[in-house]
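Student: With the sequences and hints as input, model every part of the structure.
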Amino acid sequence: MIFSSLEFLCVFLPVVFLLYSVIPSLKARNGLLILASLFFYAYGEPVYVFLMIFSALFNYLCARVISRGRGRKAALIAGVSINLGILAVFKYAVFLIESCNRMLSTSLPVPQIALPIGISFFTFQALSYVIDVYMERVEVQKSFWKVLLYISFFPQLIAGPIVKYRDINEAIDNRSQDAQQIAAGLSRFICGLGKKVLIANTMGLAADHVFTASMSQINAVTAWIGAAAYLMQIYYDFSGYSDMAIGLGKMFGFQFKENFIYPYAAESIKEFWRRWHISLSTWFKEYLYIPLGGNRKGRFRTCVNKIIVFFFTGLWHGANWTFVVWGLYHGLFLLLEEYVPVIKRLPKFIAHIYTVLVVCVGFVIFRADTLTQGLSMIEQMFTGFTFSTASVSFAMQQLTPWFIVMFLAAVVGAGPIRTLADKIRRQAEKGNGLRRGVFVVTILILCWCLIRLSGSTYNPFIYFRF
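Residue 40 is where the sequence shown starts when you use our numbering, and the numbers rise one by one after that.
No lab work stands behind these hints: they were computed from the structure. Everything numeric in this text was worked out from a predicted model, so none of it was measured. Mixed in with the good hints, there may be bad ones.
[To be verified] Pair by pair, the computed Cβ-Cβ distance ranges are:
# : residue 1 : residue 2 : range
1 : R141      : W441      : 38 to 44 Å
2 : F350      : F421      : 24 to 30 Å
3 : E175      : S253      : 55 to 61 Å
The beta-carbon is built from N, C-alpha and C at its ideal position, and this holds for glycine as well.
Tutor: Shown next, in the form of structure tokens:
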């Protein structure tokens, strides 16, 4: 089940929220959220829900052993090893064996292992909890059910953001629910739904057409249409899901941190990563980069540490060399910005164009099924000036009126207009007239999304590989 499905919007969420609102006891509310979250995950992953429960139980026990003092280091090593082992088996085993067979000309049997949805998200959350208990950043949670709620809570379960236990531990034990908070959460959820259904799905359809076409149909125009469409799809899909998760959290009394802050307004790759998928970049900084030594052990070691972090950042996104190369590609540009002075002195406008161009080209590699396809697409973007009748016709087929309108909306929305939206929201809280206007617009977006979902079968979940 995903947030942008009619089952979730018309059945699951209304029923769960209604039950939650009429239950007076916080303990009973937590129990309801656990049951709802397990059902939410089991709806699409009936077997792997037991894997998630095992992960919660195992990490709960590791943290309890760590808190007692004796054997705490062994418990930490066991916790980190088992968590990473789960990822290695379920997410990377097939990839590693296939890569080994290709590079070494071996014929090792390839296991048929289905990828559990959201495994990277809930595994990283579990890891952060165990490590934080070891580092004494948080007190150990003595209730297994509260640890299970933290790991399985459905708003952030399958598409993030990656929530650290110390950010919501107080809310698990003590939180409130009021009309203003519910309204703000619902509004944020609907805005995220609109980003996903109206913009991301439209961009995704065009991107899929281009990336699945034969190279004979691709010229520079078509390649750029596909690249730009995917640039907008992944941002509005991912940030839309984050908005929906943050909104759902508010509706149930939880406050999640922002995960995207206008990344396409960045003027460097370094700034881009401060704005893009913030929960992941801060996770790697805190739990990998700093333990490796960060920037405290000289320039060479700093470069090595950054490359290691971006290697694993790419690998985290999926079991394919395209993701690894994408991560190293970003790491390379981060180092160039650090040690090539001329890049730092670029005028702001040029720096912004440079950043968007680097990010756009990188996402072509990210989206491609193979490195060969990605490199061929990039080649066409910059050298594909042969315009056959078939390629021109194919390009024009993507530029439908609806696509053009949604692309322009995406370009406008990628800028920092949330500042204006926040001002409108704050004013709406003070004035009934403006509040009613925002309410009407929000309801219209919701109705529009429901109409689009009911009339279309195209509603991809691009984080399945994550």
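Student: Look at each hint and say if it fits the structure.
Tutor: Quick rundown of the hints versus the structure:
{"no.": "1", "hint": "R141 - W441: 38 to 44 Å", "result": "holds (42 Å)"}
{"no.": "2", "hint": "F350 - F421: 24 to 30 Å", "result": "holds (26 Å)"}
{"no.": "3", "hint": "E175 - S253: 55 to 61 Å", "result": "holds (58 Å)"}
Every hint from the earlier list agrees with this structure, and none is contradicted.
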